[in-house]
Amino acid sequence: MNKVLVLAELNGNDLDNGVFELLSLLNNLNVSNDEITVCVLGDNLQDKDGILKQIPCSKILAHSNIDTNNLNPNILSKLASSMIEDLQPNKILISKTNLGQDLAPRLAFKFGWGLVNDCLNIEKNENNDWTGIRPIFGGNFMSKINIKTPTEIYCVRPKVFDSLTDKTISPEIEYKQFTNDLETKTKVLKRINEQSEGIKLEDADIVIAGGRGLGGPEPFETLDEIAGLLNAAVGASRAVCDAGWMDHSYQIGLTGKNISPNLYLTVAISGASQHMAGCGNSKHIVSIDKNVEANIFNDAEFGAIGDWKNILPGFLDTLKDLVKE
Amino acid sequence: MKILVCVKEVIDPEVPVSSIDIDSNGWKFVPKQGVSTVLNGFDENAIEAALQLKESIGDVEISVLSLGKDFSMDVIKKPLSMGCQNLFLVKDDILETSDSFVIVNVLYETINKIGPFDLILCGRHASDWDNAQVPIGLAEKLNLDCVTLAKSIECNNNNITIERVISGGIEVLKSELPVLITVSNEYGEPRYPNLRGIMTAGKIQPQFFSLEDLGISANDINNINEITDIYIPEKNSNCEFIKGEDEYDIGRNLALKLRDKNLI
Ligand SMILES: Cc1cc2nc3c(=O)[nH]c(=O)nc-3n(C[C@H](O)[C@H](O)[C@H](O)COP(=O)(O)OP(=O)(O)OC[C@H]3O[C@@H](n4cnc5c(N)ncnc54)[C@H](O)[C@@H]3O)c2cc1C
Chain A
1125 MNKVLVLAEL
1135 NGNDLDNGVF
1145 ELLSLLNNLN
1155 VSNDEITVCV
1165 LGDNLQDKDG
1175 ILKQIPCSKI
1185 LAHSNIDTNN
1195 LNPNILSKLA
1205 SSMIEDLQPN
1215 KILISKTNLG
1225 QDLAPRLAFK
1235 FGWGLVNDCL
1245 NIEKNENNDW
1255 TGIRPIFGGN
1265 FMSKINIKTP
1275 TEIYCVRPKV
1285 FDSLTDKTIS
1295 PEIEYKQFTN
1305 DLETKTKVLK
1315 RINEQSEGIK
1325 LEDADIVIAG
1335 GRGLGGPEPF
1345 ETLDEIAGLL
1355 NAAVGASRAV
1365 CDAGWMDHSY
1375 QIGLTGKNIS
1385 PNLYLTVAIS
1395 GASQHMAGCG
1405 NSKHIVSIDK
1415 NVEANIFNDA
1425 EFGAIGDWKN
1435 ILPGFLDTLK
1445 DLVKE
Chain B
222 MKILVCVKEV
232 IDPEVPVSSI
242 DIDSNGWKFV
252 PKQGVSTVLN
262 GFDENAIEAA
272 LQLKESIGDV
282 EISVLSLGKD
292 FSMDVIKKPL
302 SMGCQNLFLV
312 KDDILETSDS
322 FVIVNVLYET
332 INKIGPFDLI
342 LCGRHASDWD
352 NAQVPIGLAE
362 KLNLDCVTLA
372 KSIECNNNNI
382 TIERVISGGI
392 EVLKSELPVL
402 ITVSNEYGEP
412 RYPNLRGIMT
422 AGKIQPQFFS
432 LEDLGISAND
442 INNINEITDI
452 YIPEKNSNCE
462 FIKGEDEYDI
472 GRNLALKLRD
482 KNLI
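Residue numbers (my numbering), protein chains in the order written: chain A, 1125 to 1449; chain B, 222 to 485.
Chain B with its partners taken away, still in its complex shape (with noise of 0.2 Å):
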């Protein structure tokens, strides 16, 4: 069984608002110095979600797929030193500021010449553009069934068995590969690369294509959203702090201001 895992290497989302400069040149975020970038959390819970179906299974290749500017090895890599096999970079510079549109063209593209494969994983979504439209586009594009935001994954031959989140319970459902499938954090931690992991990653080289490579020529390339603007969105912080002379007391005073104002 062959795996294919879209992974994307964002900058670490857990760093304040002032590590991070907007570009309003082609609208791209541009991190400090200093400011490190991660594998997105959620590519890592698919990157899990397709080790354990190896463990389960067996005989299974996974491919790990990224599209960038510019790759940070030590980040990009981390797939492979959690134990998948193959790595495959797309590079150019024009896929820093394209949209959804223009990264699922290249997605499939490149699918289509290393593919196929029996499983598509992604994350639910990228941590900085928060768009959610890859992987379900990705989908759409190469005609196959999606099922977002998977919990757990279970496969026996052809038969896929999904549970997924969704607000106010749980979906199970069963499909049939090929398909393609988002994997949230609900999934569970995943895995730390071990010793062994970093050793089997140094040696595996990734293969590089640049758009030439896979017949898309920057004409082909043409976003089809346009960003207008990005800025912080104001806050009105004028909180009031409640008094007292000691905690407990601060306690029982915002009690008593709640009930003030009728809010509880």
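Only chain A is shown next, with the shape it has when bound in the complex (with noise of 0.2 Å):
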């Protein structure tokens, strides 16, 4: 009998899909309703039952009257410590969001328990003991392992599974007011979010993203305008954004966003394993690149092997055609 621990993150009203991604991991590895408890952080978590209600799962543990200043790690890291000592679970997950992936290592260190930071999945052997694989060397190997302290930790990467969608259980939501000093010198002053034009790139059905072999800044144009038919969003590889051709918001890949589009098309982006750390999940990859050796093409179903220059025009001209039609 395992006693998970899940944390929840409530932005605002926004409940992160994270939980519900962690709960469909669970769920593959036949954990039961009762040996999870899930924890919610947030703010003035009191008057918020609806919310948390939708979440599919016997039950929660929320605190009441606290205000997070924006989620603030220092803050959640306290706050989160006294959840645990609580519950005294032997497996927590998180979900690798801005904050679950500064809040895991500061759990880890704060109690001496190993992490599986990045994981991708966790497999579980015969003695019911888990096993976490994740991604190093930038997604170009992959690691399987082993904790061997009492409690284990596993920070999960957003987007990796899909959404356990139970309407058939509805949580108990228990309360507490948790009186520790939640004081902080660390304050988050503002958040500003960024200015998106059209549709935000976490939430395109297609993305179409460019690369260095594009030369330069000007070619995006062409880019936003396929953009524009095809209702999707622009995304670029780092380095595009490190030449400073694109703003660092469009960067998708492990130190970017990570997205997980139905159609992901690119162009001129060689397909290096940290870009690919941000796109692999798309439901299909389409590429076009001079290169036919290029990595890319390990991933994509399609591909167009030329010179962009001359293929786009081909592409932007048949797509003007078809949205006619």
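Calculated from the structure, these hints are not laboratory results. Bear in mind the structure is a predicted one, so any value in this text is a computation, not a measurement. Careful: at least some of the hints might be erroneous.
Stated by the list, open to error - With the Cβ distance kept under 7 Å, some of the chain A side facing chain B (calculated, not the full set): (1) 1304; (2) 1308; (3) 1313; (4) 1442.
As the list claims (entries may be wrong) - Computed spacing ranges between beta-carbons, pair by pair: (5) B/420 x A/1441: 54 to 60 Å; (6) B/390 x A/1175: 20 to 26 Å; (7) A/1327 x B/481: 23 to 29 Å; (8) A/1315 x B/235: 31 to 37 Å; (9) B/397 x A/1302: 23 to 29 Å; (10) A/1417 x B/334: 48 to 54 Å; (11) A/1300 x B/390: 30 to 36 Å; (12) B/393 x A/1416: 25 to 31 Å; (13) B/291 x A/1315: 41 to 47 Å; (14) B/416 x A/1416: 40 to 46 Å; (15) B/417 x A/1349: 44 to 50 Å; (16) A/1127 x B/390: 32 to 38 Å; (17) A/1327 x B/393: 23 to 29 Å.
What the hints assert, rightly or not - Straight-line distance between alpha carbons at most 25 Å, and here's what the computed DSS-like set of lysine-lysine pairs gives: (18) B/290 x A/1268; (19) B/478 x A/1407; (20) A/1300 x A/1311.
Ideal Cβ placement from N, Cα and C applies to all residues, glycine included.
Bring the two chains, given one by one in their own frames, into a single complex with the hints.
Here you go:
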């Protein structure tokens, strides 16, 4: 019997999708509902029953009357610690969000427990021991990790698992007043949201991304035009963002955005593993590149080999015709 | 003001997988002959951040700390040629196969010896194991606040303002020294060492420590994570290449194919 603590995060009134994915992973591992407690982190949760009730689990622990200062990890690590001390779990699952990726190591080192960070999957052996699988070296290799401490922490990459949607269970919510000293020297003053015209990269059904092979910022105008026709969002590789052709908010990959659109269309991106780390879960990958040996064609379903300067006009003209139809 | 930057020497992350062997005895990466090591890219960003703070504040001493089995002096002295003042190196064979837990403990003991520092900077993660655990763990161990993924840092007396990259935008935070900050590539390109820097670095001797010097015995070194396998992920490369009379035609056929498959 496991005692699993799943962290969920509520940003304002937005419940992060991670908790649904973690519950789905636990479901794959045949962990039953009565082994799971979901701990929610967020502001003034006592007023948010309606949102918390959407989580398909049987037990929720939430703190009440707390201002988390925009989910400040320095505050939340204290709060999460006291929830952990309360529940004494032997497994902790956290989604690798802005908050989760800070919180997981913080908790691991506070309690001296092992952590599999950026975990892509968990395997269970015949003794019910868990092994975490995580990419290393930018995803060029995979590693399997057994944690040797009594409590194990897994920080799981988002968008790898589908959401668990079980309408048959509804949670019992326990609100707790935590009286810990949550003061911290570090305060979030403000969040500046990206100006995104059109569809957000993370939400788009179709993403068209450009790489270093485009040679400069100008060709992105063509990508914009294609995106307009397809109702798609535009993304870029790190090489493009580091060169300043596009803002870093367009970067897809290990250290950029993690997306999983239905169609990911790349132009002049070689498909380095660090790039694929952010888009490898796309349903369909289609690539234009002049180098048939480029890594991207290991992931692509369809490829167009040649100079984008010639291929894109043919592609765009045809799209325009298709759209007219 | 005293700044510490923690850095790591790593196998060049841009080399193809085929240039690296995996040694399953202790699970380590073994670069093939001729494959070079570099300073972890994000650590160079952290060095750059430290140097810019020095330029704007003036009275700043920057120390650099690294742990490892071996160091290539050309690589590990780069921060000195970029403009840092001191280099501390902890050298022991066992550090090659140590997990984040051990590394944090050794860093902690070293800082107790060479510190204290007002500000500790680290790269957001190391490009070999991609763990992103050490800086945050070190902050926890040192009982410091931690701000990750900085793209700008401004310091005014004890007050520090940080812009950090989050998905969907930027967060502006304020904190007070001492604090630990991890730096991301959004901070901007690190500088190249100039000739004068290289000459100055040549004259600075790194200060070496053994684990013994730090009061750590081999018995204290226990990984808490056990690696059981490392492998190259399988790719099923059955890409269909679009045909056409010329490249324009390939573009055209690609659009038609995507429509045919209902992808657009
Ligand atoms: C720690 C770390 C983290 C990283 N994180 C990320 C990340 O988050 N995201 C990311 O993208 N990268 C990341 N990288 C960088 C990554 O390793 C690659 O360097 C980068 O993705 C390369 O970008 P690219 O594909 O645009 O450029 P390149 O690899 O240079 O590829 C350019 C492609 O364009 C093609 N090309 C050139 N000219 C033409 C033409 N005229 N017509 C058609 N095709 C053409 C070439 O054949 C080539 O395939 C990271 C690296 C490290 C070390």
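Here is what the structure says about each hint:
1. 1304: violated, 15 Å
2. 1308: holds, 6 Å
3. 1313: holds, 5 Å
4. 1442: Since chain B brings a Cβ to about 4 Å from residue 1442 of chain A, closer than 7 Å, the hint holds.
5. B/420 x A/1441: 54 to 60 Å: Holds: the Cβ-Cβ distance is about 59 Å, inside 54 to 60 Å.
6. B/390 x A/1175: 20 to 26 Å: 22 Å Cβ-Cβ, so the 20 to 26 Å window holds.
7. A/1327 x B/481: 23 to 29 Å: Holds: the Cβ-Cβ distance is about 26 Å, inside 23 to 29 Å.
8. A/1315 x B/235: 31 to 37 Å: Since the Cβ atoms of residue 1315 of chain A and residue 235 of chain B sit about 33 Å apart, the hinted range of 31 to 37 Å holds.
9. B/397 x A/1302: 23 to 29 Å: The hint (23 to 29 Å, Cβ to Cβ) holds, given that residue 397 of chain B and residue 1302 of chain A are roughly 24 Å apart.
10. A/1417 x B/334: 48 to 54 Å: Holds - the Cβ-Cβ distance for residue 1417 of chain A and residue 334 of chain B, about 50 Å, lies within 48 to 54 Å.
11. A/1300 x B/390: 30 to 36 Å: holds, 31 Å
12. B/393 x A/1416: 25 to 31 Å: violated, 46 Å
13. B/291 x A/1315: 41 to 47 Å: Holds - the Cβ-Cβ distance for residue 291 of chain B and residue 1315 of chain A, about 44 Å, lies within 41 to 47 Å.
14. B/416 x A/1416: 40 to 46 Å: At 43 Å between Cβs, range holds.
15. B/417 x A/1349: 44 to 50 Å: Holds - the Cβ-Cβ distance for residue 417 of chain B and residue 1349 of chain A, about 49 Å, lies within 44 to 50 Å.
16. A/1127 x B/390: 32 to 38 Å: holds, 36 Å
17. A/1327 x B/393: 23 to 29 Å: holds, 25 Å
18. B/290 x A/1268: Given pair residue 290 of chain B, residue 1268 of chain A holds - Cα atoms ~23 Å apart, limit 25 Å.
19. B/478 x A/1407: Since the Cα atoms of residue 478 of chain B and residue 1407 of chain A sit roughly 16 Å apart, the hinted pair holds (cutoff 25 Å).
20. A/1300 x A/1311: holds, 24 Å
In summary, the structure is inconsistent with hints 1, 12 from the numbered list given earlier, while agreeing with the others.
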